[in-house]
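Undergrad: What follows is the residue order along each chain.
2 protein chains.
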Amino acid sequence: MTSSPKYSGLLTDLYELTMAAGYLDAGFDARATFELFVRSVPPRRNYLVAAGLAQGLDFLENVRFSDEEIAYARKLPVFVHTRGDFFNYLAQFHFSGDVWAMPEGTVFFPGEPILRVAAPIIEAQIVETFLLATINFQTMIASKAARITQAAEGRPVIEFGTRRAHGIESGVLAARAAIIGGCQGTSNVAAGYQFGIPVYGTQAHSWIMAYQDEAEAFRRFLDIFPDHAVLLVDTYDVRAAVEKIISLGRKPRGIRLDSGDLAADSAWARARLDQAGWKDVIVFVSGDLDEERISSLLGEGAKIDGFGVGTALVTSNDSPTLGVIYKLVEIEIGGEVRSAAKFSAAKVTYPGRKQVFRFSHPDGNLAHDIIGLMEETFSGAETLLEPVMMGGKRTVPRTDLDAARTRCLQQRARLPEPVRDLNSEAAAYPVRHSEKLEALLEEVRRRVQHAARS
Amino acid sequence: MTSSPKYSGLLTDLYELTMAAGYLDAGFDARATFELFVRSVPPRRNYLVAAGLAQGLDFLENVRFSDEEIAYARKLPVFVHTRGDFFNYLAQFHFSGDVWAMPEGTVFFPGEPILRVAAPIIEAQIVETFLLATINFQTMIASKAARITQAAEGRPVIEFGTRRAHGIESGVLAARAAIIGGCQGTSNVAAGYQFGIPVYGTQAHSWIMAYQDEAEAFRRFLDIFPDHAVLLVDTYDVRAAVEKIISLGRKPRGIRLDSGDLAADSAWARARLDQAGWKDVIVFVSGDLDEERISSLLGEGAKIDGFGVGTALVTSNDSPTLGVIYKLVEIEIGGEVRSAAKFSAAKVTYPGRKQVFRFSHPDGNLAHDIIGLMEETFSGAETLLEPVMMGGKRTVPRTDLDAARTRCLQQRARLPEPVRDLNSEAAAYPVRHSEKLEALLEEVRRRVQHAARS
Numbered sequence: 034m035t036s037s038p039k040y041s042g043l044l045t046d047l048y049e050l051t052m053a054a055g056y057l058d059a060g061f062d063a064r065a066t067f068e069l070f071v072r073s074v075p076p077r078r079n080y081l082v083a084a085g086l087a088q089g090l091d092f093l094e095n096v097r098f099s100d101e102e103i104a105y106a107r108k109l110p111v112f113v114h115t116r117g118d119f120f121n122y123l124a125q126f127h128f129s130g131d132v133w134a135m136p137e138g139t140v141f142f143p144g145e146p147i148l149r150v151a152a153p154i155i156e157a158q159i160v161e162t163f164l165l166a167t168i169n170f171q172t173m174i175a176s177k178a179a180r181i182t183q184a185a186e187g188r189p190v191i192e193f194g195t196r197r198a199h200g201i202e203s204g205v206l207a208a209r210a211a212i213i214g215g216c217q218g219t220s221n222v223a224a225g226y227q228f229g230i231p232v233y234g235t236q237a238h239s240w241i242m243a244y245q246d247e248a249e250a251f252r253r254f255l256d257i258f259p260d261h262a263v264l265l266v267d268t269y270d271v272r273a274a275v276e277k278i279i280s281l282g283r284k285p286r287g288i289r290l291d292s293g294d295l296a297a298d299s300a301w302a303r304a305r306l307d308q309a310g311w312k313d314v315i316v317f318v319s320g321d322l323d324e325e326r327i328s329s330l331l332g333e334g335a336k337i338d339g340f341g342v343g344t345a346l347v348t349s350n351d352s353p354t355l356g357v358i359y360k361l362v363e364i365e366i367g368g369e370v371r372s373a374a375k376f377s378a379a380k381v382t383y384p385g386r387k388q389v390f391r392f393s394h395p396d397g398n399l400a401h402d403i404i405g406l407m408e409e410t411f412s413g414a415e416t417l418l419e420p421v422m423m424g425g426k427r428t429v430p431r432t433d434l435d436a437a438r439t440r441c442l443q444q445r446a447r448l449p450e451p452v453r454d455l456n457s458e459a460a461a462y463p464v465r466h467s468e469k470l471e472a473l474l475e476e477v478r479r480r481v482q483h484a485a486r487s
Numbered sequence: 034m035t036s037s038p039k040y041s042g043l044l045t046d047l048y049e050l051t052m053a054a055g056y057l058d059a060g061f062d063a064r065a066t067f068e069l070f071v072r073s074v075p076p077r078r079n080y081l082v083a084a085g086l087a088q089g090l091d092f093l094e095n096v097r098f099s100d101e102e103i104a105y106a107r108k109l110p111v112f113v114h115t116r117g118d119f120f121n122y123l124a125q126f127h128f129s130g131d132v133w134a135m136p137e138g139t140v141f142f143p144g145e146p147i148l149r150v151a152a153p154i155i156e157a158q159i160v161e162t163f164l165l166a167t168i169n170f171q172t173m174i175a176s177k178a179a180r181i182t183q184a185a186e187g188r189p190v191i192e193f194g195t196r197r198a199h200g201i202e203s204g205v206l207a208a209r210a211a212i213i214g215g216c217q218g219t220s221n222v223a224a225g226y227q228f229g230i231p232v233y234g235t236q237a238h239s240w241i242m243a244y245q246d247e248a249e250a251f252r253r254f255l256d257i258f259p260d261h262a263v264l265l266v267d268t269y270d271v272r273a274a275v276e277k278i279i280s281l282g283r284k285p286r287g288i289r290l291d292s293g294d295l296a297a298d299s300a301w302a303r304a305r306l307d308q309a310g311w312k313d314v315i316v317f318v319s320g321d322l323d324e325e326r327i328s329s330l331l332g333e334g335a336k337i338d339g340f341g342v343g344t345a346l347v348t349s350n351d352s353p354t355l356g357v358i359y360k361l362v363e364i365e366i367g368g369e370v371r372s373a374a375k376f377s378a379a380k381v382t383y384p385g386r387k388q389v390f391r392f393s394h395p396d397g398n399l400a401h402d403i404i405g406l407m408e409e410t411f412s413g414a415e416t417l418l419e420p421v422m423m424g425g426k427r428t429v430p431r432t433d434l435d436a437a438r439t440r441c442l443q444q445r446a447r448l449p450e451p452v453r454d455l456n457s458e459a460a461a462y463p464v465r466h467s468e469k470l471e472a473l474l475e476e477v478r479r480r481v482q483h484a485a486r487s
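From first to last, the protein sequence lines stand for chains A and B. Numbering-wise (the numbering used here), the first sequence opens with residue 34 and increments by one. Numbering-wise (the numbering used here), the second sequence opens with residue 34 and increments by one.
Certain hints may be false.
Where chains are identical, the list cannot tell them apart; a pair therefore holds if satisfied intra-copy or between any two copies.
[Stated by the list, open to error] Below 30 Å or equal to it, Euclidean Cα-Cα: the simulated DSBU-like pairs (lysine-lysine) are:
no.: 1; residue 1: K312; residue 2: K108
no.: 2; residue 1: K39; residue 2: K336
no.: 3; residue 1: K284; residue 2: K312
no.: 4; residue 1: K426; residue 2: K39
no.: 5; residue 1: K284; residue 2: K426
no.: 6; residue 1: K336; residue 2: K284
no.: 7; residue 1: K336; residue 2: K312
no.: 8; residue 1: K469; residue 2: K380
no.: 9; residue 1: K108; residue 2: K39
no.: 10; residue 1: K336; residue 2: K380
no.: 11; residue 1: K426; residue 2: K380
Rather than coming from a laboratory, the hints here were simulated on the basis of the structure.
I would like the entire structure built from these sequences, with the hints used as guidance.
TA: Here it is, written out as structure tokens:
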């Protein structure tokens with residue numbers, strides 16, 4: 034086994050490399066434009082939140098093939114007859130294209146491109162797999178986090194799910210995406226280190242179990258973290274544990290409930306802590322939470338100051354994929370520009386380089402979006418896609434996560450009520466295509482039908 | 034932003050570090066034993082397949098805290114009053130414990146420990162998050178792959194899902210776990226490079242769309258990959274595309290269908306290819322497949338030689354988490370060994386160091402398992418947990434993926450029919466606890482109840 038660097042060109046599907054060899058061999062010197070978008074929202078989602086751009090751009094700036102990786106590719110059966118030109122090409126490979134994208138934290142809708150790549154076709158293809166994997170995942174998590182933080186009605190939500198994420202890197206990136214969707218922090222220390230995200234934690238059941246006596250376990254933790262101790266009270270018996278803490282006479286930062294009847298126990302604990310004169314001791318709750326459970330707890334009169342959310346958040350468990358796709362929309366060969374679209378089996382992909390135009394009501398609330406051609410203008414509309422990379426170099430600073438989070442929360446607040454509502458299924462925000470885009474689609478449809486018949 | 038190495042000690046939840054500081058400060062010098070297991074199988078799973086051990090052991094052998102990471106930890110608000118001893122401890126941190134585990138590819142059941150860590154309690158806690166994340170994920174994917182490959186009834190299944198995985202590393206690890214669960218290869222080239230897995234690919238719709246003429250797109254690909262071309266025929270019209278390929282008069286390796294009526298089109302294509310004298314041209318199928326869809330296609334008379342499976346496989350979409358947990362089962366303090374268990378709210382964790390004993394019928398088929406104490410013996414039983422690391426060093430070679438795959442497929446074949454059956458919900462394989470283990474549980478229960486009352 035050899036280790037693969039973070040920006041290895043091999044982080045792609047084999048067909049991207051075979052097609053690359055094919056284009057090169059055929060002398061097919063085209064510049065292609067691909068757009069990345071979501072075809073439809075999963076159940077229980079009315080809007081999505083763009084995330085993952087920073088990691089996508091990191092990859093585009095740094096992707097390379099090492100000598101060892103090229104030696105590996107050369108020995109693959111499929112490349113046994115492939116000419117050396119291809120491997121020389123890989124040795125000097127870097128991404129030289131242009132990228133436009135929606136800033137992270139932007140609220141968007143199905144069919145709207147969130148990223149556009151224009152590059153020599155081989156480059157645009159080789160980076161497809163990585164861009165899809167990172168943007169599909171983080172966008173899915175940010176979108177789930179936006180729902181969960183909305184359910185919490187302003188109470189802090191901390192991402193607690195690394196152990197249930199799809200591998201450790203997935204946990205780190207989920208923590209990042211959760212912040213964009215409105216979470217306040219994470220338990221993942223590496224995510225804190227890499228992205229400057231606030232990190233939080235309490236204590237595990239194993240801490241309590243490691244001591245013969247539960248009160249002793251609490252006292253020890255208070256000794257060491259007098260200002261930060263959030264004590265876990267459900268290892269044996271919640272109410273007995275709270276009484277023990279009160280008997281110690283040393284005020285913790287808070288208590289955590291992780292199982293049992295969270296509504297009843299939180300309300301009881303709040304009352305008991307208040308009675309002890311500890312009104313500022315927080316009641317923190319975790320344990321298989323999601324937006325529905327949080328809403329229902331608050332509806333039942335739970336008294337909760339903050340939520341730790343794990344599995345449901347980091348796996349988007351009710352819908353663990355978004356189906357982000359990356360489609361060819363334009364190709365330029367020998368100076369001739371041709372728009373491309375796909376029409377198979379009820380799935381239509383619109384051609385051409387697009388822009389998303391967003392219209393607001395006078396009160397600032399969002400009214401509707403128009404997906405149009407890049408060169409169109411609509412007065413009074415915001416344009417959502419902006420240039421972020423030219424000639425393979427970033428033209429914007431790295432994403433500021435606080436700014437992305439604020440963008441998400443502000444845009445969420447501007448959504449029409451039925452679209453924002455957690456319980457309204459399939460409340461569609463109005464998005465239409467511009468007349469020019471519809472006309473281009475028809476033009477391409479006629480040309481493609483002609484080609485298919487020929 | 035700083036990059037975090039693959040084996041950073043910060044790849045953990047904050048509470049593991051605060052508890053570490055707590056144990057150190059309290060001079061709590063205990064050796065703890067934790068066991069990792071799944072509490073219950075998700076819906077539509079009757080058995081699970083162990084995977085991810087190799088990446089877990091890699092981490093245990095290599096985990097360290099860099100100076101820069103320690104400087105970061107030192108500045109966290111929670112550690113503001115923490116003594117320098119803790120940071121000195123982190124600077125020399127390495128894992129020195131012993132590990133027992135089931136070999137990858139082992140078929141197992143809820144409640145059975147698949148990994149046991151015995152180490153100084155601080156070490157055992159700090160590595161918890163990583164072990165859970167990698168073993169939870171890969172075990173979930175291997176278990177899903179075992180169902181999907183079973184549905185394919187011996188036809189090759191290729192993992193095609195990187196772009197829909199939860200980030201790029203998740204895609205690489207999903208490819209690895211899919212092999213353990215019986216897949217034959219992956220489209221992920223980095224997974225091929227890192228793990229020696231066979232890589233496969235065909236061509237994308239964008240290749241077809243890049244040419245004005247579909248036949249020209251096919252001809253070009255055949256020119257370059259005469260022995261390996263699997264041509265994608267659903268960009269415009271499947272049947273017209275197959276006719277174009279036959280008209281070219283050059284036999285491809287196969288054709289791929291990615292949308293439409295896969296059963297009808299595959300049967301039509303098979304007949305048409307046979308009629309052209311191309312009986313050895315394969316019909317490969319992809320597009321939102323899972324075990325149910327594969328079973329139903331084959332039931333409908335589809336003529337398919339191989340499957341490419343993406344999203345459902347790499348996200349385990351019908352159940353995107355396994356709920357693997359890591360529980361304290363024994364602790365040794367000052368020479369005194371104490372078994373530990375947890376009894377909260379209907380969740381019981383059995384105490385003590387355990388072994389899984391597997392009994393077979395005379396014909397080799399599996400009969401039942403007993404979860405017992407490590408020191409027990411049962412004549413005629415296989416023991417599933419074996420030592421894999423002593424004093425922080427591997428005592429076994431790295432997982433041979435072919436051997437793990439063979440182990441999984443052989444054990445799956447030995448399962449009782451109702452447990453193996455894809456459609457039988459909740460057919461429970463018989464697993465019981467030994468009398469000695471039940472007795473130990475009762476002993477610990479009495480002690481814990483006493484402690485909780487005290």
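Undergrad: Hint by hint, note whether the structure agrees.
TA: Status of each hint after checking the structure:
1. K312 with K108: between (68 Å within a copy, 29 Å between copies)
2. K39 with K336: neither (44 Å within a copy, 40 Å between copies)
3. K284 with K312: within (10 Å within a copy, 79 Å between copies)
4. K426 with K39: This pair counts as both: shortest intra-copy Cα distance 18 Å, inter-copy 26 Å.
5. K284 with K426: For K284 and K426, neither the intra-copy (53 Å) nor the inter-copy (44 Å) Cα distance is at most 30 Å.
6. K336 with K284: This pair counts as within: shortest intra-copy Cα distance 19 Å, inter-copy 70 Å.
7. K336 with K312: within (12 Å within a copy, 69 Å between copies)
8. K469 with K380: Result: close within a single copy only, 20 Å intra versus 61 Å inter.
9. K108 with K39: Both. Shortest intra-copy (22 Å) and inter-copy (28 Å) distances satisfy the 30 Å Cα cut-off.
10. K336 with K380: between (48 Å within a copy, 25 Å between copies)
11. K426 with K380: neither (34 Å within a copy, 54 Å between copies)
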